[in-house]
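Here the protein sequences come in this chain order: R and C. Oh and the first sequence: position 64 is 64 in the UniProt record's numbering, straight run, nothing missing. Oh and the second sequence: position 113 is 113 in the UniProt record's numbering, straight run, nothing missing.
No lab work stands behind these hints, which were simulated from the structure alone. Source: prediction; values computed, not measured. Check the hints yourself; a few may be wrong.
In this list, chains with the same sequence are indistinguishable; a pair is considered to hold if it fits within one copy or across any two.
The list that follows gives simulated cross-link-like pairs (lysine-lysine, DSS-like), each with its CA atoms no further than 27 Å apart [unchecked claim]:
#, residue 1, residue 2
1, K30, K151
2, K63, K151
3, K7, K30
4, K61, K30
5, K63, K7
6, K151, K130
7, K64, K7
8, K130, K7
9, K30, K63
10, K61, K130
The chain contents come next:
Number of protein chains: 2
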Amino acid sequence: MQSLQEKAAEWSGVDAEDAFAIDGTNLYEKLGLQTFINLSTNFYERVYADEEEWFRSIFSKSKKEDAIQNQYEFFVQRMGGPPLYSQRKGHPALIGRHRPFPVTHRAAERWLNHMQQALDATSDIDLDSKTKMLNFFRHTAFFLVAGDELKNQNQAAPCKNCKHPGKHGAV
Amino acid sequence: MQSLQEKAAEWSGVDAEDAFAIDGTNLYEKLGLQTFINLSTNFYERVYADEEEWFRSIFSKSKKEDAIQNQYEFFVQRMGGPPLYSQRKGHPALIGRHRPFPVTHRAAERWLNHMQQALDATSDIDLDSKTKMLNFFRHTAFFLVAGDELKNQNQAAPCKNCKHPGKHGAV
C-alpha cells in the first residue's frame, strides 16, 4: 500500500526531495518575518473573498486574522524561523488539525491557485524562493488529501450493523 | 471546547511553555546523533520486550529497526538537527501517523515509563536535557491521546441508523 508520502508525490507531481528543498536554505532569514505576514495576508484576502462558496465555506468558522496568524506562524517555524506556532498552539500535526475540513483534490488545487497568486502579489520573494515554496505547498496540499482519505476509510468502521462497512487500512 | 493543546497540558501536567522549552537549546548539537540513536535503541529494546502483551502488540506490525530509525530521525529533526525524518518520510504529521494505533491514557503512561527508563539508561544525557526531553515527551504523548479521541468522535458519525451517534467536534 502506498504511504502518505508516496500518494502526495504521485498526486502533486512533486517528490519529497523537491518538496523539502526548503530545508536547504533558511527562507525565514532570507525573506524576513514581514514577507511571511504579507504572504498569508494576501492569501487569505483571496480565500475569504473567493466567489466559489464551496471553497470559501471551508474557512467560515475561523476569523480571517486568526487564519492569517496560524498560517504565517507555521510557515515561519517550518522555514527556519523561531517556533512561533508551537509556542502558541503546540505540534503542527497537519493531518490532525485539518481533520474537520474536506481536503479533496479539488480543494487542494483551489488552495494552490490562491497561493500561487498570493506569492505573485507579495513583493520581495525571489524566483528561487518562490519555486521552493510552491513545491513545498503543492506536495503538502496533496499530503493532506492523502491524510483526508484515511479519515474516510475509518469513518465507516464502527457501524457494526452496516451492510457495507468501510475498508480498513494502516498508514 | 478544549483545544488539543489544552487537553495535552491538562492530562500531562506539562504546559506548552515547558513542553517546548526544547526549542530554547539545540539539543541535537548538545547531545549528538549517536546519543539519539542510543536513546531510541534503548527505548525500543524495552518496548519490544514488554511483558504486557496489550502494549507490545501496538508495535507488532513494525520491525524494531524501522521503529528505531523513525523515532530517532524525528527526534533529531525536532530538536535542532538536520531534517532526516522529512527527507525520508515527509511531514511528521504526528496525529495522522498515530491514527492506526490505540493511543490511550494507559498506553501513553506506559510509553513514558519506558522512555524514562531509556533516558536513564543512555549515557551522556545531562539532567537539564533529560528534564526538557521528558517534558516534551510527556506533553506530546497526551497531545496524541487528545488526537486519538478525535478519531473516536468521528468514527460513529456516518452510521445513520445508530441510535446513539457519536458527538461531533471541530479541532
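Status of each hint after checking the structure:
| no. | hint | verdict |
| --- | --- | --- |
| 1 | K30 with K151 | neither (37 Å within a copy, 39 Å between copies) |
| 2 | K63 with K151 | both (25 Å within a copy, 25 Å between copies) |
| 3 | K7 with K30 | neither (31 Å within a copy, 36 Å between copies) |
| 4 | K61 with K30 | neither (33 Å within a copy, 43 Å between copies) |
| 5 | K63 with K7 | between (31 Å within a copy, 22 Å between copies) |
| 6 | K151 with K130 | neither (31 Å within a copy, 36 Å between copies) |
| 7 | K64 with K7 | between (30 Å within a copy, 25 Å between copies) |
| 8 | K130 with K7 | within (23 Å within a copy, 37 Å between copies) |
| 9 | K30 with K63 | neither (29 Å within a copy, 41 Å between copies) |
| 10 | K61 with K130 | neither (29 Å within a copy, 40 Å between copies) |
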